[in-house]
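Undergrad: Since the structure of chain A is provided, determine the placement of chain B on it from the hints.
Residue numbers (the numbering used here), protein chains in the order written: chain A, 1 to 261; chain B, 1 to 117.
Please keep in mind that the hints were generated in silico from the structure rather than gathered at the bench.
One or more of the hints may lead you astray.
Interface residues of chain B toward chain A, partial, derived using beta-carbon atoms under 10 Å [stated by the list, open to error]:
(1) Leu23
(2) Ala24
(3) Cys25
(4) Trp28
(5) Arg29
(6) Leu34
(7) Val49
(8) Arg50
(9) Val57
(10) Ala83
Footprint (simulated), chain A over chain B, 3 or more residues, beta carbon under 8 Å [stated by the list, open to error]:
(11) 8 to 18
(12) 58 to 67
(13) 70 to 80
(14) 91 to 101
Quick caveat: nothing in here was measured; it's all calculated off a predicted structure.
Cβ atoms here follow ideal geometry from the backbone N, Cα and C, with glycine treated the same way.
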Amino acid sequence: MFGRSPAHSPSDRAAMTEPSATPEPPTQSMTRTRAFWRGTLAMFGVPALVLYAGILGYGAFAREVGLTLGQALALPIFLQALPAQVVLADHAARGASLAAAALAVSLTAVRFLPMTVVLMPWLRGHGGPRWHELLVVHFVAVTVWIEGLRRLPTAPAEVRLVYYLGIGIGILTGTLVSTALGYLAAGTLPQWMAAALLFTMPLTFLLAMVETSRARTDYLAIIAGVVIAPVAYIWVPGFDLLVTGLAGGTLAWVLGRRRRT
Amino acid sequence: MSSLPGVWGTWGGYLPFFVAGFLACEPWRWAGALLGRDLDPNSEVFIWVRAVSSAIVAGLVARLVVVPTGAMAMLSAPTRYAAVAAGIAAFYAFGKSLGAGVVGGTLALLALHALGI
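This is chain A alone, in the form it adopts within the complex (with noise of 0.2 Å):
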C-alpha cells in the first residue's frame, strides 16, 4: 500500500514528461476553488502520511537542538524541504557559518531543479502571467511533487496550477501539525519513545533515497555518504556534510559513469 514510488531516474522522467502524455482532455469543467479543495485532500494520501511519520521526528529534533517552536515552524514555510530543514537546524544549533549552512543547504535542494523540470509541463497552460508558476514551485519536495504527477493529469490544464497550490498548501498544514505534534510531544514523552521518534526520521531519508534510486550512481552515493560521513565528521566539523557530498557524490559519479560508458 506504500508502494507508490517515485520515479526519479532521468529515464522515468523523460517518459512521465513526454508532451504526448501531458494533455489530455479535459474530461469535465472544474472551477478553481474546487480545484484548490480538492488538491489539498492530498494531505491526507498515503505519500503525506509516511512524510508526517519524519515530520514528527524533524519537530522533536528541533527541540532537542534548541530551535523554539516557532523556529520549528518557520523552517518548513521557508523551506518546503525535510533533508534541507534538518541540516539547516543542525548547522544553527551548532553555530556554524551563515554562508556554511546556506551552502550545505543549497546542495541539498539541488535536486530540485530536476524535479521542477519535470512537472513542468502540467503547470503551464493556465493562462495567467510566468510568475504564478515561480510561485508554486516553492512547493516542490519530494512528497508534494509525487501527488502532483499522480493527480494533476485527472484535472483540465487550466486548474491545474491551482490543484498543485491545494495539494502543497494541504499538505503544508500536515506538516506544521505534525511539526508541533513532535516538537511538543518530544518534551513531555518518555526518553525511550521520545529516543523512537526521532529514529523515524534518519530511517524516513534513507528508505525513501533507497526506494527513489533508480541508477547505480544513486546507490553509490548513498553507500558512500553514508561510510565517508564518520569520517568527516572527525575530520572537518562544520563542513562534514558538505564534504561527504562533494567526496562521495563525485566518487558515485565517477564510478557509476565507468559503468556508463
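TA: Below, chain B alone, put in the same frame as chain A:
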C-alpha cells in the same frame, strides 16, 4: 527566546533561517521553472549534482545514527544499527514499502531497547 548560538539568535532566528533557508533553496526551484523547457535531465552535470545531494542526505543519516545527539544518544549502538538493518529488511520484504520499513525499524528499536540491548 532563542537559545541558538551566534548569528542564529538574531531577529529571533527568523532572518538567518530565511537567508540560509529560503534564499538558498528557492533559486533551484526558480531555475527549474525557468529552464524547464530547455534542460536535459539526462546530462552528466545533473547526474553528478543528484549524486552529491544524495551523499549529503545519506551522510546526515549516518551521522545521526553513528553519532546520535539528544534522546537518541540513550540507545545503545547495537540497538541503533540493528534497528536500521531491521528497517531495511522490512522495506525490502514488503516490496520496497517505505511505511513497512519505518514501522518495522521502529518496532525493532523499541523491542531491542525493552530487552536492554
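Undergrad: Now tell me, hint by hint, if it's right for this structure.
TA: Evaluated hints:
no. : hint      : result
1   : Leu23     : 7 Å, holds
2   : Ala24     : 4 Å, holds
3   : Cys25     : 4 Å, holds
4   : Trp28     : 4 Å, holds
5   : Arg29     : 4 Å, holds
6   : Leu34     : 8 Å, holds
7   : Val49     : 4 Å, holds
8   : Arg50     : 6 Å, holds
9   : Val57     : 5 Å, holds
10  : Ala83     : 7 Å, holds
11  : 8 to 18   : holds (count 7)
12  : 58 to 67  : holds (count 10)
13  : 70 to 80  : holds (count 6)
14  : 91 to 101 : holds (count 9)
The structure fails none of the hints (numbered hints given earlier).
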